[in-house]
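Start from chain A and add chain B according to the hints.
Heads up: the sequence lines are chains A and B, in that order.
Numbering-wise, this note's numbering comes out as the position in the first sequence, counting from 1, plus 31.
Numbering-wise, this note's numbering comes out as the position in the second sequence, counting from 1, plus 16.
Hints are computed from structural coordinates only; laboratory data are not their basis.
Glycine residues also receive a C-beta, built at the ideal position from the N, C-alpha and C atoms.
Worth double-checking, as some hints may not be accurate.
Unchecked claim - Under the rule of at most 27 Å between Cα atoms (straight-line distance), these lysine-lysine pairs were calculated in the DSS-like manner:
(1) Lys339/A x Lys73/B
(2) Lys77/B x Lys421/A
(3) Lys372/A x Lys25/B
(4) Lys339/A x Lys116/A
(5) Lys272/A x Lys78/B
(6) Lys272/A x Lys73/B
Unchecked claim - Residues on chain A that point at chain B, a partial pick, calculated with CB under 10 Å:
(7) Ile330
(8) Ile333
(9) Pro343
(10) Ala375
(11) Arg514
Given next are the chains, with one letter for each unit.
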Amino acid sequence: MTELTKLTLTEARDGLAARDFSARELTDAYLGEIAAGNQALNAYVAVTEDKAREMAAASDARLAKGEGGALEGIPLGIKDLFATKGVHTQACSHILDGFKPPYESTVTANLWADGAVMLGKLNMDEFAMGSSNETSYYGNVVNPWKRTGSDEALVPGGSSGGSAAAVAGALCLGATATDTGGSIRQPAALTGTVGMKPTYGRCSRWGTVAFASSLDQAGPITRTVRDNAVMLRSMASVDAKDTTSIDAPVPDYEAAVGKSVRGLRIGIPKEYRVDGMPDEINALWQQGIDWLKEAGAEIVEISLPHTKYALPAYYIVAPAEASSNLARYDGVRYGLRVDGKDIADMYENTRAAGFGAEVKRRVMVGTYVLSAGYYDAYYLKAQKVRTLIKRDFDQSFEAGVDAILTPATPDAAFAPGAITDPVAMYLNDIFTVTVNMAGLPGLAVPAGLNRDGLPLGLQLIGSPFGEETLYSLGSVIEQAAGRFTPKRWWA
Amino acid sequence: MSVDIDTVKRVAHLARIKVTDTEADEMTGQLNTILAFVEQLDEVDVSGVEPMTSVVKQEMKKRADVVNDGGYPQDVVANAPMSEDNFFMVPKVVE
Numbered sequence: 032m033t034e035l036t037k038l039t040l041t042e043a044r045d046g047l048a049a050r051d052f053s054a055r056e057l058t059d060a061y062l063g064e065i066a067a068g069n070q071a072l073n074a075y076v077a078v079t080e081d082k083a084r085e086m087a088a089a090s091d092a093r094l095a096k097g098e099g100g101a102l103e104g105i106p107l108g109i110k111d112l113f114a115t116k117g118v119h120t121q122a123c124s125h126i127l128d129g130f131k132p133p134y135e136s137t138v139t140a141n142l143w144a145d146g147a148v149m150l151g152k153l154n155m156d157e158f159a160m161g162s163s164n165e166t167s168y169y170g171n172v173v174n175p176w177k178r179t180g181s182d183e184a185l186v187p188g189g190s191s192g193g194s195a196a197a198v199a200g201a202l203c204l205g206a207t208a209t210d211t212g213g214s215i216r217q218p219a220a221l222t223g224t225v226g227m228k229p230t231y232g233r234c235s236r237w238g239t240v241a242f243a244s245s246l247d248q249a250g251p252i253t254r255t256v257r258d259n260a261v262m263l264r265s266m267a268s269v270d271a272k273d274t275t276s277i278d279a280p281v282p283d284y285e286a287a288v289g290k291s292v293r294g295l296r297i298g299i300p301k302e303y304r305v306d307g308m309p310d311e312i313n314a315l316w317q318q319g320i321d322w323l324k325e326a327g328a329e330i331v332e333i334s335l336p337h338t339k340y341a342l343p344a345y346y347i348v349a350p351a352e353a354s355s356n357l358a359r360y361d362g363v364r365y366g367l368r369v370d371g372k373d374i375a376d377m378y379e380n381t382r383a384a385g386f387g388a389e390v391k392r393r394v395m396v397g398t399y400v401l402s403a404g405y406y407d408a409y410y411l412k413a414q415k416v417r418t419l420i421k422r423d424f425d426q427s428f429e430a431g432v433d434a435i436l437t438p439a440t441p442d443a444a445f446a447p448g449a450i451t452d453p454v455a456m457y458l459n460d461i462f463t464v465t466v467n468m469a470g471l472p473g474l475a476v477p478a479g480l481n482r483d484g485l486p487l488g489l490q491l492i493g494s495p496f497g498e499e500t501l502y503s504l505g506s507v508i509e510q511a512a513g514r515f516t517p518k519r520w521w522a
Numbered sequence: 017m018s019v020d021i022d023t024v025k026r027v028a029h030l031a032r033i034k035v036t037d038t039e040a041d042e043m044t045g046q047l048n049t050i051l052a053f054v055e056q057l058d059e060v061d062v063s064g065v066e067p068m069t070s071v072v073k074q075e076m077k078k079r080a081d082v083v084n085d086g087g088y089p090q091d092v093v094a095n096a097p098m099s100e101d102n103f104f105m106v107p108k109v110v111e
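Excised from the complex, chain A in its bound form (with noise of 0.2 Å):
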């Protein structure tokens, strides 16, 4: 690792606007991080250099007359998921071989007028589904963390594992990412980063290949928190093309970042203590009431009664989601086409080539639960019990708790194909998957490592639209717990 790349996003940004270093030196450290640590940790499927070099000769020119972005020169990996004009993006599918959109998603066409560089596209679970970047087509992504004294490979977390691994492991500087029912906070948490996932209609989904676009919302993965901060102000926007995006300005986050939590009301839900949890993860989360506490927030017990409910109805409409979404996969319109002696053997094949074991599965599940006559039954149900949940949030945001304090993920990074049992897998986004249920945004803030050395995080679940209260108790635990940096065993 070069000093430079030592630097966090906010640290660079000083760094570059003061003239101390190039936005190219600092792209060329990054492109030297990838180049010899992706072939071990297999974070990008595509690494976008001359674009990098081209971006931040043209960052260099405008720090140079003073005219520099919010992000001016900041080297950021981007999820596979984005579409970015005449770059690779498949959603790390096979069935979007060869995919070039000829048009650039909202956030980062957002980040680029801000004035970051692109080093290219980051692996993921395919189309966003799965809890362990285990069901990319591009292959497993590998932890930056390991056991202590174990060289076994663990998984990052996903779907978002590529970024996760990335800003972790020092490949870039920040990454996009996106969450439908944990996948930025649970490979978060199992990285040692900090991931936020936005109120939903916070970032456009326009141009993000959509899983289920009731629950999709883009974030940031960062080192910090006030790194994640900056990010997501320039990620966020109102955009005419998404009429989910909220119309509301965009607040400045960053002011948030170290502002005292003085008397803010802390809920603890009760719920949040499953059975068969770790001691450490209990003891995690008493160490975060702690420190919240510390800090001179109030903490109360709260209840969400209707919490295991979350996860069973996700999989309803998650699946019921992602099977109309992904019926657009047919290889008429682009990636790949299996011929067939038909039109219809035509799309079969093509399907049934493209789509990797989750993927299918779940397009199966959300077909079946949408088919004639069990639509009452299976999605009905599920939309209601998602009232009921965002209920039980709205209650005790009424009864005046500013955020809710949770582990962030059942336990820490574990190994690849340990967990093959599809529910077992599930199980992974049991604490975030409700935050997306209800549209609220969540924050995951590394909180310390486990007796094995392996990093542990907690999750602060807000209001609508309380991002700034969430960076603020962030920063508290941040500067409490620490950062965490994995040993360099990759390069």
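Only chain B this time, still in chain A's reference frame:
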């Protein structure tokens, strides 16, 4: 509720995914595990509860019904596996 292999094959056809008998058999077990998991929802009393339509209260945005984009068919077909004269090419559908 649980599914049998014939239902799985029918659903696979609805989803336009070709499955072999072995795959259909494997999927039957997996789908039943998932359906058993979601059956927990039967415990919840949802009488009188409105289904969720939007997590954030917002008026549906409207815009004037005018053409405000387009005019670049070559971009639209640029990624097609087969195209001709800016049309997508597919196997013959009508005799």
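Consistency of the hints with the structure:
1. The straight-line distance between the Cα atoms of Lys339/A and Lys73/B is roughly 25 Å, inside the 27 Å bound, and the hint therefore holds.
2. Of the pairs offered as hints, the one joining Lys77/B and Lys421/A holds, with about 23 Å between alpha carbons and a cut-off of 27 Å not exceeded.
3. As the CA atoms of Lys372/A and Lys25/B are separated by approximately 19 Å, the hinted pair is consistent with the 27 Å bound.
4. For the suggested pair Lys339/A and Lys116/A, the alpha carbons sit about 41 Å apart, so the restraint of at most 27 Å is broken.
5. For the proposed pair Lys272/A and Lys78/B, the alpha carbon gap of about 11 Å is at most 27 Å, so the pair holds.
6. As the CA atoms of Lys272/A and Lys73/B are separated by approximately 18 Å, the hinted pair is consistent with the 27 Å bound.
7. This hint is violated: Ile330/A has a C-beta 27 Å from the nearest C-beta of chain B, more than the 10 Å allowed.
8. Look at Ile333/A: its Cβ only gets to about 20 Å from chain B, farther than 10 Å, so that hint breaks.
9. Here the hint on Pro343/A is kept, as its CB sits about 4 Å from the closest CB of chain B, short of 10 Å.
10. Annotation: interface hint on Ala375/A holds; nearest CB of chain B at approximately 7 Å, less than 10 Å.
11. The interface hint given for Arg514/A is broken, as the beta carbon of that residue sits about 33 Å from the closest beta carbon of chain B, more than 10 Å.
Taken one by one, the earlier hints fail for this structure at numbers 4, 7, 8, 11, listed in ascending order.
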